[in-house]
Each structure stands twice: as structure tokens, then as C-alpha cells.
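*Asks:* Sequence:
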Amino acid sequence: MKSSFLSCAVLLAVCSASALANPDAPLKRANGMLVDANGMTVYTFDKDTANSGKSVCVEKCAQNWPAVQAGDGTLAEPYSAITRADGTKQLAYKGKPLYTFVKDKKAGDKEGDKAMNAWHVVTD
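All letters in the sequence shown, in the order written, are residues -21 to -1, 1 to 103 by mature numbering (1 follows the signal peptide of the UniProt record, and there is no 0).
These are computed hints drawn from the structure, not numbers from a lab. Here the structure is a predicted model, which is why all the values come from computation and not from measurement. All C-beta atoms, glycine included, are put in the ideal place defined by N, C-alpha and C. It is possible that part of the hints are untrue.
Claimed, not checked - Cross-link-like lysine to any residue pairs, in silico, SDA-like; alpha carbons within 25 Å at most:
| hint | residue 1 | residue 2 |
| --- | --- | --- |
| 1 | Lys33 | Lys82 |
| 2 | Lys82 | Glu38 |
| 3 | Lys73 | Asp103 |
| 4 | Lys33 | Leu54 |
| 5 | Lys26 | Lys89 |
| 6 | Lys26 | Asn96 |
| 7 | Lys7 | Glu56 |
| 8 | Lys73 | Pro5 |
| 9 | Lys68 | Phe24 |
| 10 | Lys85 | Thr53 |
| 11 | Lys26 | Ala64 |
| 12 | Lys7 | Gly74 |
| 13 | Lys33 | Asn43 |
| 14 | Lys85 | Asp103 |
| 15 | Lys33 | His99 |
| 16 | Lys26 | Gln42 |
| 17 | Lys85 | Ser31 |
| 18 | Lys89 | Thr53 |
| 19 | Lys93 | Asp27 |
| 20 | Lys93 | Arg8 |
| 21 | Lys73 | Val101 |
| 22 | Lys84 | Asn17 |
| 23 | Lys7 | Tyr58 |
| 24 | Lys85 | Ala64 |
| 25 | Lys39 | Val101 |
What the hints assert, rightly or not - Derived DEER-like restraints, expressed as beta-carbon distance ranges:
| hint | residue 1 | residue 2 | range |
| --- | --- | --- | --- |
| 26 | Lys68 | Cys40 | 13 to 21 Å |
| 27 | Ala64 | Ala29 | 17 to 25 Å |
| 28 | Asp51 | Asn96 | 33 to 41 Å |
| 29 | Lys68 | Glu38 | 15 to 23 Å |
| 30 | Pro57 | Lys26 | 18 to 26 Å |
| 31 | Ala9 | Lys93 | 17 to 25 Å |
| 32 | Gly32 | Lys84 | 15 to 23 Å |
| 33 | Thr102 | Ala16 | 14 to 22 Å |
| 34 | Glu56 | Thr28 | 13 to 21 Å |
| 35 | Ala64 | Ala97 | 14 to 22 Å |
| 36 | Lys68 | Thr28 | 17 to 25 Å |
| 37 | Lys84 | Thr28 | 27 to 35 Å |
Given these sequences and hints, build the entire structure.
*Replies:* The following block contains the structure:
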């Protein structure tokens, strides 16, 4: 009986850890921040309003801060997708559209953090 209880406890712990490390999540964590599939740092923009369903970063802004593409898969909280003015789907985290930065050249770079006091690395 004790062995059976211990086995169940271990199994529950493994399942819980697996749920937290959701392999189906569109982004992953590295060094305390969200990164895309290539390990590039992901940012939010203060001028975007959470849950508005749109991005205010367009034209020149979008050239410097490319949208993180959402793809066609089903997204689970805290992820969602917005439709940009050009019809493409952009990934959002907790309702805020997500971006990368053109000056980040390799995985782990975060040159855009605090740029213009409006861009922030996603850490939570």
C-alpha cells in the first residue's frame, strides 16, 4: 500500500512538471524570458493595449520589430492570436502582441529591452 501511494505521488509530480513545461506551447523559456523557436528574445510594446486584438506597431515600426507569427494551430492560455492589418496572425501573450527585434542577432540577445522606454522582454 505504501509503495502504491509513493508510485502515485511520483507519477503525479511527473505529470505536473510536464504540464508546466508544455511542449505544445508556441514559445519556450530560456534564461528567465520567453523566446521563439530559434531562441530569439520576445518583446511586448507598451503602446499596444492588452486584449484589444490589434497591434499599433505597423510600417517602419514593424520592420524593426517583426511580429511573432501565430501559425494556424490551436492556442491555449496564456497565448492567443490577433489579426494584423495585413491579415497575418500575430502571437499574443496575456493579450499583448509579441515581437522580435532586428538588432538581436543571435539567440539570447536582448538589445531591444527598454528601448524608447516602451519595449520589454517578456519575463512572466
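*Asks:* Confirm or reject each hint.
*Replies:* Hint check results:
As the CA atoms of Lys33 and Lys82 are separated by approximately 24 Å, the hinted pair is consistent with the 25 Å bound. At roughly 17 Å between alpha-carbon atoms, Lys82 and Glu38 fall within 25 Å of each other, so this suggested pair holds. Under the criterion of a C-alpha separation no larger than 25 Å, the hint pairing Lys73 with Asp103 is consistent with the structure, at around 10 Å. Restraint check for Lys33 and Leu54: satisfied, since their Cα atoms lie roughly 17 Å apart, inside the 25 Å limit.
Restraint check for Lys26 and Lys89: the C-alpha separation of about 19 Å stays at or below 25 Å, so the hint holds. A threshold of 25 Å between alpha carbons decides the hint, and for Lys26 with Asn96 the separation of about 11 Å falls inside it, so the pair holds. A hinted pair counts as satisfied when its Cα atoms are at most 25 Å apart, and Lys7 with Glu56 qualifies at roughly 14 Å. As the CA atoms of Lys73 and Pro5 are separated by approximately 13 Å, the hinted pair is consistent with the 25 Å bound.
Of the pairs offered as hints, the one joining Lys68 and Phe24 holds, with about 17 Å between alpha carbons and a cut-off of 25 Å not exceeded. A threshold of 25 Å between alpha carbons decides the hint, and for Lys85 with Thr53 the separation of about 28 Å lies outside it, so the pair is violated. The hinted pair formed by Lys26 and Ala64 meets the criterion: a straight-line CA distance of about 16 Å does not exceed 25 Å. Straight-line distance between C-alpha atoms of Lys7 and Gly74 comes to about 17 Å, which keeps the hinted pair within the 25 Å bound.
This hinted pair checks out: Lys33 and Asn43 have alpha carbons roughly 18 Å apart, not beyond 25 Å. Only pairs whose Cα atoms come within 25 Å are accepted, and Lys85 paired with Asp103 is accepted, the gap being roughly 21 Å. A hinted pair counts as satisfied when its Cα atoms are at most 25 Å apart, and Lys33 with His99 qualifies at roughly 18 Å. Restraint check for Lys26 and Gln42: satisfied, since their Cα atoms lie roughly 16 Å apart, inside the 25 Å limit.
Only pairs whose Cα atoms come within 25 Å are accepted, and Lys85 paired with Ser31 is rejected, the gap being roughly 31 Å. With a C-alpha separation of about 28 Å, the suggested pairing of Lys89 with Thr53 is violated against the 25 Å cut-off. Restraint check for Lys93 and Asp27: the C-alpha separation of about 15 Å stays at or below 25 Å, so the hint holds. Taking the CA atoms of Lys93 and Arg8, the gap is about 19 Å. The hint holds against a cut of 25 Å.
In summary, the hint linking Lys73 to Val101 is supported, as the alpha carbons are separated by about 10 Å, within the 25 Å threshold. For the proposed pair Lys84 and Asn17, the alpha carbon gap of about 11 Å is at most 25 Å, so the pair holds. About 12 Å separates the Cα atoms of Lys7 and Tyr58, which keeps this hinted pair within 25 Å; it holds. For the hint linking Lys85 to Ala64, the alpha-carbon distance of about 29 Å lies beyond 25 Å, and the restraint is violated.
Simply put, Lys39 and Val101 have alpha-carbon atoms about 22 Å apart, close enough for the 25 Å limit, and the pair holds. The hinted window of 13 to 21 Å between Lys68 and Cys40 holds, with their beta carbons roughly 18 Å apart. Against the hinted window of 17 to 25 Å, the Cβ-Cβ separation of Ala64 and Ala29 comes to about 18 Å, which satisfies the hint. Checking the proposed 33 to 41 Å range against Asp51 and Asn96 shows it holds: the Cβ atoms sit about 35 Å from each other.
Distance hint check: the CB atoms of Lys68 and Glu38 are about 19 Å apart, consistent with the given range 15 to 23 Å. At about 20 Å, the CB distance of Pro57 to Lys26 agrees with the hint of 18 to 26 Å. Between Ala9 and Lys93, the C-beta spacing of about 19 Å keeps the proposed range 17 to 25 Å intact. Between Gly32 and Lys84 the beta carbons are some 32 Å apart, a value that contradicts the proposed interval 15 to 23 Å.
Between Thr102 and Ala16 the beta carbons are some 19 Å apart, a value that agrees with the proposed interval 14 to 22 Å. Taken as a hint, the range 13 to 21 Å holds for the pair Glu56 and Thr28, whose Cβ atoms sit roughly 18 Å apart. Against the hinted window of 14 to 22 Å, the Cβ-Cβ separation of Ala64 and Ala97 comes to about 20 Å, which satisfies the hint. Taken as a hint, the range 17 to 25 Å holds for the pair Lys68 and Thr28, whose Cβ atoms sit roughly 18 Å apart.
Between Lys84 and Thr28 the beta carbon distance is about 30 Å. The supplied range of 27 to 35 Å therefore holds.
The structure does not agree with the numbered hints 10, 17, 18, 24 and 32 stated previously, though it agrees with the rest.
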